[in-house]
Amino acid sequence: MFAEILQRVRDTRPLVHSITNYVTVNDCANILLACGASPIMADDPEEVEEITAGSSGLTLNLGTLHRQRAAAMLAAGRTANRLGRPVVLDPVGVGASRLRGEAAAALLEQVRFAVIRGNGSEIRTLALGQGGERGVDADEADRMETGGLDGAQLWAARLARRTGAVVAVTGVVDVVTDGTRTFRIRNGHPMMSRVTGTGCQLSVVAAAFTAASPGTPLEAAAGAVCAMGVCGELAFARMGPEDGNAAYRGYLMDAMYNLTPEQLEERADYELR
Amino acid sequence: MFAEILQRVRDTRPLVHSITNYVTVNDCANILLACGASPIMADDPEEVEEITAGSSGLTLNLGTLHRQRAAAMLAAGRTANRLGRPVVLDPVGVGASRLRGEAAAALLEQVRFAVIRGNGSEIRTLALGQGGERGVDADEADRMETGGLDGAQLWAARLARRTGAVVAVTGVVDVVTDGTRTFRIRNGHPMMSRVTGTGCQLSVVAAAFTAASPGTPLEAAAGAVCAMGVCGELAFARMGPEDGNAAYRGYLMDAMYNLTPEQLEERADYELR
Amino acid sequence: MFAEILQRVRDTRPLVHSITNYVTVNDCANILLACGASPIMADDPEEVEEITAGSSGLTLNLGTLHRQRAAAMLAAGRTANRLGRPVVLDPVGVGASRLRGEAAAALLEQVRFAVIRGNGSEIRTLALGQGGERGVDADEADRMETGGLDGAQLWAARLARRTGAVVAVTGVVDVVTDGTRTFRIRNGHPMMSRVTGTGCQLSVVAAAFTAASPGTPLEAAAGAVCAMGVCGELAFARMGPEDGNAAYRGYLMDAMYNLTPEQLEERADYELR
Chain A
130 MFAEILQRVR DTRPLVHSIT NYVTVNDCAN ILLACGASPI MADDPEEVEE ITAGSSGLTL
190 NLGTLHRQRA AAMLAAGRTA NRLGRPVVLD PVGVGASRLR GEAAAALLEQ VRFAVIRGNG
250 SEIRTLALGQ GGERGVDADE ADRMETGGLD GAQLWAARLA RRTGAVVAVT GVVDVVTDGT
310 RTFRIRNGHP MMSRVTGTGC QLSVVAAAFT AASPGTPLEA AAGAVCAMGV CGELAFARMG
370 PEDGNAAYRG YLMDAMYNLT PEQLEERADY ELR
Chain B
130 MFAEILQRVR DTRPLVHSIT NYVTVNDCAN ILLACGASPI MADDPEEVEE ITAGSSGLTL
190 NLGTLHRQRA AAMLAAGRTA NRLGRPVVLD PVGVGASRLR GEAAAALLEQ VRFAVIRGNG
250 SEIRTLALGQ GGERGVDADE ADRMETGGLD GAQLWAARLA RRTGAVVAVT GVVDVVTDGT
310 RTFRIRNGHP MMSRVTGTGC QLSVVAAAFT AASPGTPLEA AAGAVCAMGV CGELAFARMG
370 PEDGNAAYRG YLMDAMYNLT PEQLEERADY ELR
Chain C
130 MFAEILQRVR DTRPLVHSIT NYVTVNDCAN ILLACGASPI MADDPEEVEE ITAGSSGLTL
190 NLGTLHRQRA AAMLAAGRTA NRLGRPVVLD PVGVGASRLR GEAAAALLEQ VRFAVIRGNG
250 SEIRTLALGQ GGERGVDADE ADRMETGGLD GAQLWAARLA RRTGAVVAVT GVVDVVTDGT
310 RTFRIRNGHP MMSRVTGTGC QLSVVAAAFT AASPGTPLEA AAGAVCAMGV CGELAFARMG
370 PEDGNAAYRG YLMDAMYNLT PEQLEERADY ELR
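Residue numbers (the working numbering), protein chains in the order written: chain A, 130 to 402; chain B, 130 to 402; chain C, 130 to 402.
Read the hints as simulated data drawn from the structure, not as lab findings.
From a predicted model like this one, the values you see are computed outputs, not experimental measurements.
In this text, a Cβ means the ideal position worked out from N, Cα and C, and glycines have one as well.
One thing to keep in mind: the hints can contain errors.
[Claimed, not checked] To give a feel for the contact side, a few chain A residues facing chain B, derived at Cβ under 8 Å:
1) Val154
2) Asn155
3) Leu162
4) Ala163
5) Met170
6) Asp172
7) Glu175
8) Glu176
9) Glu179
10) Ile180
11) Met382
12) Asp383
13) Tyr386
14) Asn387
15) Pro390
[Said to hold, decoys possible] Here are some of the chain C residues that sit facing chain B, going by a computed Cβ distance under 7 Å:
16) Thr193
17) His195
18) Asn374
[Said to hold, decoys possible] Distance windows between CB atoms, simulated:
19) Arg310/A with Arg227/B: 34 to 44 Å
20) Pro370/A with Gly277/C: 34 to 44 Å
21) Gly344/B with Pro343/C: 51 to 61 Å
22) Gln239/C with Gln239/B: 33 to 43 Å
23) Gly344/B with Gly369/C: 30 to 40 Å
So here's chain A without its partners, still in its complex pose (with noise of 0.2 Å):
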């Protein structure tokens, strides 16, 4: 299944639409062109529109938000959906300022997002909403262990039942659901962390498999999670005794140049419950 989501990409070669933070932003690009699609970016309201109009699909990332850039974001996330195309939020650090959590607030409220991806925190801030929320259930979850498994799969589920939308947590064991199927994922390596931006690149890969495959955005979403992994592992199998997370971030964009179809079948290691 993720051979033929690849491989739609891959065909489709979709022009993706990154509205997203200044640290990281150059690597989606390259990561974009690895996978197979095209990047642009853009962030200036004025034109927001006319770029996510000319694309097929939207990533919305929140690091280092700017209150100019939070506006460009809804009026392309509205465009996006107004035309039919996939969009992806990234909450990066949405818990660490009131600024971020209202941007997210008022981006779930106002554009119906395909995918969400973020950390178990992350995704546990956003499931929780703002203010007085919290009732009975997140009580109870406030009790479970914020990075386990099964807190990741019950925050992910009430997000994704809450949005509509595909969510994606990622961590030692990903989950992605839709809030009634869900894959566990276990791909991946734990030296992608020591790179700054590999879950802001996981989530413009996630926005340019659901453009090519809009219609099974679990599916996408899974697969793009299964091939960042894969090209984590692969990446680190690289890895000489001199080489560190510099060497480790050109791997690992040179590994989904190369991924093949067949090698991202074979190798993802998930399971579908």
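With the hints as your guide, set chains B and C onto chain A.
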């Protein structure tokens, strides 16, 4: 000829001020260092005139454009003109939004460019100009294949004559013309399009070459195009079986770092008409 | 001594908030990960106080400065001071524009810095201060070669005494002083100047080292300078005939990733006066 032009960059180490997008800005800075020049980036309207005044050349790049950055470009461009420093325009995605189109029009009206460097579609957009300018000539040209070499040459020559700039169109074959004399350059490699920002990099290299040889902008721009193309070929020759676009990106910059004037002269593949 | 300082970074993994330029920000994030710390970037005035409050250290870098980012720096710096978190200033290009000069002056007035790290010319500009401050002492110093080691030491000590900060001047020989005690450090390699942002990287590493050893900022800053210098040497030793500044940039970061406390202690080349 190109040997001397490159040598002059190495000897004079021109400081190039770039007002550019935040996607590829780091590669632009490093390729300037690789070719023997020095980078400085600044884009607040309050300081760009001082920064330009202290530099030997200026690049204006429309990627991830903002209103405020567009204002900075006008101020810096006018300062460079007043002080006789060469200015290079890279009209990234100029056809993709009204913001970029208007910014380009304002720049072409208020700033005199030494070099304009873009792909076929961008140069065509600039050559056609805003709104109702499409005359008989334009309609005729519309019938031509935009991506074709003759089309590129036609649009480039037209834009060169209208603006007084040397116009460089990069594609399978690159065209560099001042409206009278034209270089057709066959260096380069398709792999260059799998790394984000190789065009942006070429534009800052063209600024460095032109800053070092301000009296011969046609030769300087053509030399820059040949140099990037030769580096693209040398980089591809280094590719191993596990290498992808990340490795290629590094090899390309390293090739520029190690490029000798003799190597450039010997490998440059062009005809001058 | 430096072995323990590096070990403490690895053990405590300090989160460092950087408000920095968009040219070298990705390398700053990755070098923080390489040395054992964690990066967070945020520069909207609305959120920087919260981000700083959640971090162990703060870096303020004047590259590609904007008015709004300057305001964010003041807010973040005051928050860090209030909470007792060390703040590092990197006055990139402070002499190049009035905007940067005024921002630096406001920061020095309103924020207490643990470390100020710049090149000879930047430190001299800060030491001289704004406008009419040039007294006899300054005139005398003006006669000294700015780039010279004695000049660097004079300006660094003067700035250290005026601000209470440890001042690090990087050059052929690096000077790190608190105004009383001074490290002269001979590690490093000229190739470091062929990669954009090695100075910015040093500044965030200094923030990480100081955050992990807040009681001994002089030793922490000197340790960071030695560590970067040693990595610059190790990186150069890896260079092959086709390698250039791109490969070197990766080797430098990988050297930091693999640097052991013992290696740092053994290779550190300094005298303390």
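Outcome of the hint check:
1. The closest approach between the C-beta of Val154/A and any C-beta of chain B is roughly 5 Å, which is under the 8 Å cut-off, so the hint is satisfied.
2. Interface restraint check for Asn155/A: the shortest CB-CB distance to chain B comes to about 6 Å, inside 8 Å, so the restraint holds.
3. For the restraint placing Leu162/A at the interface with chain B, the shortest Cβ-Cβ distance is roughly 5 Å, inside the 8 Å limit, so the hint holds.
4. The interface hint given for Ala163/A holds, since its Cβ lies 5 Å from the closest Cβ of chain B, which is under the 8 Å cut-off.
5. Taking 8 Å as the C-beta contact cut-off toward chain B, the hint placing Met170/A at the interface holds, the least distance being around 5 Å.
6. Given hint, Asp172/A at the interface with chain B, holds; its Cβ is 6 Å from that chain's nearest Cβ, closer than 8 Å.
7. For Glu175/A, the interface hint holds, since its Cβ comes within 8 Å of a Cβ in chain B; the closest pair sits about 5 Å apart.
8. The beta carbon of Glu176/A comes within 4 Å of a beta carbon in chain B, closer than 8 Å, and the hint placing it at the interface holds.
9. Annotation: interface hint on Glu179/A holds; nearest CB of chain B at approximately 4 Å, less than 8 Å.
10. Taken as an interface hint, Ile180/A checks out: its beta carbon lies about 6 Å from the nearest beta carbon of chain B, inside 8 Å.
11. With a cut of 8 Å, the hint placing Met382/A at the interface with chain B holds, because the nearest CB-to-CB distance is about 4 Å.
12. Annotation: interface hint on Asp383/A holds; nearest CB of chain B at approximately 3 Å, less than 8 Å.
13. Here the hint on Tyr386/A is kept, as its CB sits about 3 Å from the closest CB of chain B, short of 8 Å.
14. Against a cut-off of 8 Å between C-beta atoms, the interface hint on Asn387/A holds, since the closest Cβ of chain B lies about 5 Å away.
15. With a least beta-carbon distance of about 16 Å to chain B, the hint placing Pro390/A at the interface is violated under the 8 Å criterion.
16. Annotation: interface hint on Thr193/C holds; nearest CB of chain B at approximately 5 Å, less than 7 Å.
17. Proximity of His195/C to chain B holds as hinted, the smallest CB-CB distance being about 5 Å (cut-off 7 Å).
18. Because the closest C-beta pair between Asn374/C and chain B is about 5 Å apart, less than 7 Å, the hint holds.
19. Checking the proposed 34 to 44 Å range against Arg310/A and Arg227/B shows it holds: the Cβ atoms sit about 43 Å from each other.
20. Separated by about 40 Å at the C-beta atoms, Pro370/A and Gly277/C satisfy the suggested range of 34 to 44 Å.
21. With their beta carbons about 57 Å apart, Gly344/B and Pro343/C fall inside the hinted range of 51 to 61 Å.
22. Judged by the Cβ atoms, the range 33 to 43 Å given for Gln239/C and Gln239/B holds: they are separated by roughly 38 Å.
23. At about 38 Å, the CB distance of Gly344/B to Gly369/C agrees with the hint of 30 to 40 Å.
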